[in-house]
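*Asks:* Each chain is listed here by its residues.
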Amino acid sequence: MVSVIEKINFKMMSPQMIQKLGAINVTNSEVYDADAYPVEGGVMDPHMGVIDPGMRCKTCGGRSGECQGHFGYINLAKPVLNILFIKQIKTVLTYTCEHCGELLFSKDLLKTSKLSKIKPSKDCPVCTKANRKLVFERPQTFKRDKQIITPEEIREHFEKIKDSDVKYVGLAGGRPEWMILTVMPVPSITTRPSITLTTGERSEDDLTHKLVDVIRTNQRLASNLEIGAPEFILDDLWELLQYHVTTFFNNEVSGLPPARHRSGRQLKTLSQRLKSKDGRFRNNLTGKRVNFSARTVVSPDPNIGVNEVGVPAAITRELTVPARATKDNLKELKEMLNRGPNQIGGANYVIRPDGLRKKITDMNKDLILEEFDVDFILERHINNGDIVLFNRQPSLHRMSIMAHKVVVTQDKTFKLNLVVCKPYNADFDGDEMNLHVPQSAEARAEAKQLMLVEENLRSPRFGGPIIGCDQDYISGSYILTKKGVIINKKDVAQLMYAVGISEDLNKEEYTGKEVMSMVLPKGLNIEYKTGFCLKCSECKKGKCVSDAYLVIEDGNLICGVFDSKAIASFKGAILDRIDLEFGHKVAIKFLEQLTRLTLEFIMRDGFSISVSDMDISNNTQKQIDGVIDKSLIGVNKLIDKYDAGEIVPNPGRSMEETLETLVMSELQSILTRAQVIISDNAVENSAVIMAKTGARGSMQNLTFMAGLIGQEAISGGRIFRGYRTRTLTHFKQNDFSAESHGFVRSSFKKGLNPIEFFFEAMKGREGIMDSSLKTRISGYMQRRLVNALQDNIVQKDISVRDGAGTIIQFLAGEDGIDPAKSDNGVLINLKRI
Amino acid sequence: MSNEIIEYYEKKIDNLDIDAKLKTALKKKVSIMYPKMSYDHGEAVGVVAAQSISEPATQTTLKSYHRDATAGLEITQGLPRILEIFDGRREPKTPSMKILLLDDYNNVDGAKLVAANIRETVLKQVVYEDAINLVNMNIEFTFDKAQLKILNLSLDEISKGVKKAIKNIEVKIEGDKVIVEPKKANITVKDLQSIRVKARLSYVKGIKGITHTVIENDSNTWIIHTLGSNLKKVLKIAGVDTYNTKTNNIFEIQEVMGIEASRNAIINELLETMRSQGVDTDIRHIMLVADAMTSHGKVYAIGRYGLSGIKSSVLARANFEETVKHLINASAEDVVDVIDGVVENVIIGKTAKVGTGLVNLVIKKTDK
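Going line by line, the protein sequences match chains G and H.
Those letters in the first sequence? Residues -13 to 819, by the working numbering.
Those letters in the second sequence? Residues 289 to 656, by the working numbering.
Just chain G, same shape as in the assembly (with noise of 0.2 Å):
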């Protein structure tokens, strides 16, 4: 019988409950004695638990692991605060007669407005008794009239407070003087393991030593009642068991020194376990570390599908499922038992009916065949076909652990499909991702249908593909659409057989459109506009010159050529439109089918960059210089303008801030301007196709290699730090000029002097700094925002309600459309017809 945690119920201990929780009153300061037992009565009894195996419990006689421990309680010699509690101590202390311990206000009050707003009256309603004002001194001293008041008083004054009256102190969870604490609970030995060090030293836990101090100081203090010493040594006893206490429950109080290790280190006591990131809610309790795990680097592999994952022969004879034999798998399963744990597709354990579980070596497996039989359980080696999880970090989205089918290589790295990097954000520069193996039938299945690569193809966030082609797939793509391509029959002929489908070739001649058309789904009509598009004031549609309009009709290609808008994650229109019309499967095919096709293309079509493909012609470069200059001369007419005062400051800046921005839109323009130029320009060569198509680089990598870098902008102005009135000794005093103040002439191809070259490192440091900064304030903003929504869940009838049950929305999304599922978030997009 399984006993399921319906609710929690948070309250205080009583002192009683305290001891009678406790298996043992621990007296003893000594923990071993001279043969290293644990002393009786000590911290370490064996009445609070075992941690040694081989030991028994001698409170309930469990073995360690068994036995989970038992507190143990201290009695104290003096009462002491709960500094956890010192807020509710304060407003008990406030709110009650500190003769007759009733309520200093009326409970009417308390319908209106919050305790803590109500002023607490000086007399007390019912003995008039007048009370002294109270002063609270952090971090745990109360004073009246300049006097402290001992825990022992409070205590008495607390102990006079009516039962009924208790909750309107805000305190339902027990009685007030169970703050003030007689007796302390001694946590089990299990909470507080000892660790024996390689050296056979034993290293205690932390809150081991506190309980020593703790009860060191309690005996002194004890002894000390006892022979009636002097008040002065009873009060600074006294003080130091609050301190001892108060350390053990949280050791990071504002204005009490931290208890520290022999070494210096600060202890981790009771507080400091469960808190924050490393403590036990977020470590242990939300977050685990799990069995059934592998991680390694990951490599491309082009030829694997999507779905698939390689996984090393190593870790897949690590990996294991459990299989229940039966009367129809029974022979498979004796087939993976007789391969052993070394063998790919063997097992590692069995476990019998009556749960013994044995260890399959290849010595003992002879033996455990031949009593293996229906109702064994069978830990197989996972394998081709299995299905396991996926996951890279930062998982920032549900795409970042998806389900994929084991593929099983010989390999040391996992292998991965490239058009899933988009949703990991993986690539292959020595990136490790984790695998998960799930263990029951049910998480196999959920895994299967809702996690799946194909499942995940169109992201929620936009409701696109996520999933699409990079790279070479898109260059190699647009060479092969690019009007004029002729391919004969035996080059088309390889290229199907690359793509893995047979086709009869009947004619000598293939266009590239129509060796393109033979990996698309018949039915599939679409046109649009591609990248290629000049924006004419009338479109030519299909005679386009610049082949820039695409049309396919019933699958076929008709015009147009492709590029990052047909077939790229995020704005790929053909993969958008395959996945809706014709379903995952078909366009999971689709991508694996013209992946394999453009890569064997470009692969004999050849494709490589060299460093003249930046070379750019003389009128160019004329060009270039001319924007510069002209340029230049206009920021020394507005330096001009400034010295005579003519620039009329922008709202909220002044003349100085004005000049500035006016400097820096004219210099930024430059690089604008020459990309213009540079795009209009350019030949199409293999760096210019790849900025074009969208395959890789832009056209603005383009002119900071080819024409000019241009300005570099530092937290958005221009370059002013270094000396007082100069960036570098290089210039004049307080020149406002553009080359002093980083405006970089060269290009990357050219060269860049000292100057330019110190310049573009500052902006280069600039954006290391800013890109590690943002990802922490953003990593918190997401983390704040799951934790704020993670109970929103869409409910049976449609509406998406909050934790509590408060409706948020009354039908999610306000028209119930998934945008996981749709159409670019809408459920039909009316201007494409």
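In short, the hints are calculated from the structure, not lab data.
Where a beta carbon is used, it is the ideal one built from N, C-alpha and C, also for glycine.
Don't take every hint at face value.
To be verified - Covered by chain G, per the in silico footprint, the following chain H stretches (three or more residues, Cβ under 8 Å):
{"id": "1", "stretch": "299 to 309"}
{"id": "2", "stretch": "328 to 337"}
{"id": "3", "stretch": "476 to 484"}
{"id": "4", "stretch": "616 to 622"}
Starting from the structure of chain G, add chain H where the hints point.
*Replies:* Only chain H this time, still in chain G's reference frame:
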């Protein structure tokens, strides 16, 4: 409800300029597609919305703290602006308004007039000369007449403004001068000097806090952009189009127009900032965040003092931030956690009531 959506699309199809046969085909497609595209119950829309907003924020460089809006007003943009909205800050870093005008004022002069009435004017901006008259023991202000005309400012308004700003003074208008005189015996020069300083800084026209106005003409609509925002007062000014005037201060909208309006403002602001950064996020995600933030009747922030702080579950709150505080308060107040939400169930190791955890599978037994 679902019928309404289908009807909406059918109406849209009817308005298209296509032949009737295609129309019926499209309508059929709509009714087939709608159930296919609708939400499955159990879908964790909250988490998906949170991811859809913050994933692009981490991936792309949501750049530049400021963007030059029309005519040089710098308004916070990008990630800082998004954070500002989620933080639920009472006042944005750069409060700003976009004021549209009624038809009668929709021209250069009208816009200038309204702008002058909105923008705060301090006395010193219009003073030509201020002299301490030692004979009469008072201060005489003379004004820059051109400025007065531009701002449409009368001496009456000035004297009222000064009177409001300083206690115990008498303000008189004599010709084109304004004379300020302290109301007490034995006036010293020092008194006069301090009054002069105060008087120079007194507001004489416009709305306090709106420091700048910029007039923009966008295809024959005159728009006033401001730095500083005060919706309540701006809406009272003659000539302001109360239906289309906007502010980026969400709390002001909440106070003036109510919670529904502030919900729309959150959606618009988030959408605008994200779109301006080139981030494509479905409006449904943003709507959900805005709905969650406003569903309690006032704007709650995203974070420990907002939505995460008012959760009913102790474990959920302790898990997020300020762990010990929540546990202690819960034990003092005798709180019961019924373990309903997602994290609570994760913590204690039960299946959370989301997605497939919402349903159970039962095997249908068939006799063979």
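*Asks:* Hint by hint, note whether the structure agrees.
*Replies:* Status of each hint after checking the structure:
no.	hint	result
1	299 to 309	holds (count 4)
2	328 to 337	holds (count 10)
3	476 to 484	violated (count 0)
4	616 to 622	holds (count 6)
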